[in-house]
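Q: Next come the chains, spelled out residue by residue.
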Amino acid sequence: MAKKYTLDELLIITAAREIHDGENIILGVGLPTTAGAMAKALHAPNAILMMESGIIDFQPLVPPNHIADANACRGFSYATDLFSAFTMTYRGFVDVCFLGVAQIDKFGNVNTTVVGDYYNPKARLPGAGGAPDFLSYAKRTILTMRGGEFVNKLDYFTSPGYLDGGDSREKTGLFPKGSGPSMLLTTKGIFRFDEKTKEMHLAQVHHGVSIDSVRKDVPWDLKMAENVTETPRPTDEEIDFVRRFAPTEAVGRKMMYEMGMANAIKQAQARGK
Amino acid sequence: MTKAQNKVMSAKEAISRFVKDGDHLVIGNYTVGTCAELVFEVIRQQRKGLTLYSQSGVFDVEVLVAGGCVDKLVSTYVYRAGGKEGGSAVERALKDGKLEMEDYTNFQYNARLVAGMHGFSFMQVLEGPMVTDLFAKRSFMGENKYKVIGCPYTGKKILTVPAANPDVCIVHVQRADKFGNAQYWGALGSVAAASLASKKIIVSCEEIVEHDIIQSSPHLTLIPAYRVDAVVEVPWGAHPTEVLGYYNLDRTMYAMFFLMDMRGDSLKTWMDEWVYGCPNRQAYIDHYVASYGTGKLDAIKAKPYFSAPADYGSAYGSCWDNNGLERTMGITLEEMEKMMEERGMLNG
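Protein chains in written order, with our numbering: chain A, 1 to 273; chain B, 1 to 348.
In case anyone wonders, no lab produced these hints; they're calculated from the structure.
Warning: the hint list may mix true and false statements.
[To be verified] Distance condition first, Cα-Cα at most 27 Å in a straight line; then the derived DSSO-like pairs of lysine-lysine:
#  : chain 1 : residue 1 : chain 2 : residue 2
1  : B       : 147       : B       : 84
2  : B       : 20        : B       : 48
3  : A       : 153       : B       : 199
4  : B       : 301       : A       : 122
5  : A       : 122       : A       : 139
6  : B       : 268       : B       : 72
7  : B       : 157       : A       : 139
8  : A       : 254       : B       : 157
9  : A       : 171       : B       : 199
10 : A       : 171       : B       : 137
11 : B       : 145       : A       : 153
12 : A       : 266       : A       : 254
13 : A       : 122       : B       : 95
14 : B       : 296       : A       : 254
15 : A       : 153       : B       : 95
16 : B       : 301       : A       : 266
17 : B       : 147       : A       : 177
18 : A       : 171       : A       : 196
19 : B       : 296       : A       : 122
20 : B       : 156       : A       : 177
21 : A       : 122       : B       : 20
22 : B       : 98        : B       : 48
23 : B       : 157       : A       : 171
24 : B       : 268       : A       : 153
25 : B       : 98        : B       : 301
26 : B       : 157       : A       : 177
27 : B       : 268       : B       : 12
28 : A       : 153       : A       : 223
Could you build the full structure based on these sequences and the hints that come with them?
A: Now the structure itself:
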């Protein structure tokens, strides 16, 4: 019988399957690095994993704490600086990039900067980081959203998706042909972008998720793929990899914090505190 | 001007001599290996009115802003702890109107320093973000946040950012000599650009090494001595962040910090204990060991994985061979001088 899996495991493994052998990939921390590690270990041994801090061609042994975490791997092939990491992206040497999303609109434009007014914020989110430049120049970008929201109008426009849809991105002349978001992965399903209109549609739903519950999260009339299928289930091999490589990501934040706290208290008691 | 002198001093002396109220201060480290002790010393000495540059303003920016040191912040990424109920010192200061912040992308921020490092007045950056709110919405940089020019060769529209030359850079590295030759390896990020763009540079390091070690591994030197004003030896100087080859991130301490960081009063409690309550790094480490035991530090010490040595050797180190003959002419020094005399080549 096939192994059961957590939602976090499904998201990581689904993202990993978007990576093809031989591609150059820019990874962010969390889900993307685990996805990259899994792809390289299981189906894309010749993928080159990169981080914008200038750590190029690495194979993490543990999940990196951040995008400059050389302690997470045993060496790497090329140490360059941040300037060169972005200019190589500009020149077209990055195939895939992974970015997290706080707000997204129907054409895949992204906000990661602020909730509310920029000059008088309700919540100040992390900000741009490398996202606007990567979403501009990576050949394709995989967006992930956990805890974010679909909106008609972004509170702040951090990173360019397909702008106003159609050929509006291409018409600016600023972006490489064919670049832009290729997929949005959320806790409920997978969204893809129409080739002509560039509007997102629901392509797949995760096991047990109804299409109606996806619709409820989206403030516009969400388009559907001709045949909305179920996200393919992970294999046992994939699940085993994620559990061994990134156990705290396999269980998710809630259980990690709960067990982490319990462990800290246990250790403190052992020291007699 | 060359500064070939012993620049070793304490963090207290370095910050006191080289960081002034109202300075533009740049954090030389990029996410990793934050110069924690130098940052703490700036706070302990209560510097005010700083314009702070930090590429990934996580730990460093949170404590500097909470310490009341910063009026203006230039960054690409700030931290926010704890989801919807959470918060950060930056968010609280922005809401209270005590902080102005200018947002750039990672590349643009770095490009401002690269321009500054090379003495240029601006740098071309990737034009895509021109369509975003980064370009449209500006804070204290105003019209000088970006300018668009035409490429003189292709006519293409080019996005530019102005050079940044901060007054002083504080940066932590693995090792340096007493003159200030600073060696750093790992994620190079913006370490060289942030340091070299700045007018003054304070280097803290895990250890001070003999100059000979630097000389045999110059590919690791990111900051040359002649640019450096102070060298501070601080073992565990980046804790709770990490230093490649020395120690890992202290995940428990880091998690604890961000838990406290969610609210202003709890962050103050944390800083009272770990920043104001410890006059220097030795006191901080002593306090840490007293609180948690030595086992926690031992557990994050790096196990060695040495770089293969790069051989800087060469065939000979003198123009004269073992027999005292000059390698090209095949004569001794005495013979050479005699011939110069005979040929009437010598004056004076």
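Q: Given the hint that residue 301(B) pairs with residue 122(A), test it: the Cα-Cα distance must not exceed 27 Å.
A: violated, 41 Å
Q: Does residue 72(B) sit within 27 Å of residue 268(B), going by the straight-line distance between their CA atoms?
A: Cα-Cα ~21 Å, so holds.
Q: Below or equal to 27 Å on CA atoms is what counts here, so check residue 157(B) against residue 171(A).
A: holds, 14 Å
Q: Is it true that the CA of residue 156(B) sits at most 27 Å from the CA of residue 177(A)?
A: Between residue 156(B) and residue 177(A) the Cα gap is close to 17 Å, so the pair holds against 27 Å.
Q: Need the status of pair residue 153(A), residue 199(B): alpha-carbon distance at most 27 Å?
A: violated, 43 Å
Q: Just to be careful, I want the Cα atoms of residue 296(B) and residue 254(A) compared with a cutoff of 27 Å; is the pair within it?
A: holds, 24 Å
Q: Between the alpha carbons of residue 268(B) and residue 153(A), is the straight-line distance 27 Å or under?
A: violated, 37 Å
Q: Would you check the hint for residue 268(B) and residue 12(B), treating anything up to 27 Å between C-alpha atoms as holding?
A: holds, 22 Å
Q: What's the verdict on residue 153(A) and residue 95(B), does the C-alpha distance respect the 27 Å limit or exceed it?
A: Satisfied, since the Cα-Cα distance of roughly 23 Å is no more than 27 Å.
Q: Under the criterion that the straight-line Cα-Cα distance not exceed 27 Å, is the pair residue 145(B), residue 153(A) satisfied?
A: Holds. Residue 145(B) to residue 153(A) sits at ~25 Å (cutoff 27 Å).
Q: Could you grab the alpha-carbon distance between residue 171(A) and residue 137(B) and see if it respects the 27 Å cut-off?
A: holds, 23 Å
Q: Decide if the proposed pair is consistent with the structure: residue 147(B) and residue 177(A), CA atoms, cutoff 27 Å inclusive.
A: holds, 25 Å
Hints 1, 3, 4, 5, 8, 9, 19, 21, 24 and 25 from the earlier list are contradicted by this structure; the remaining hints agree with it.
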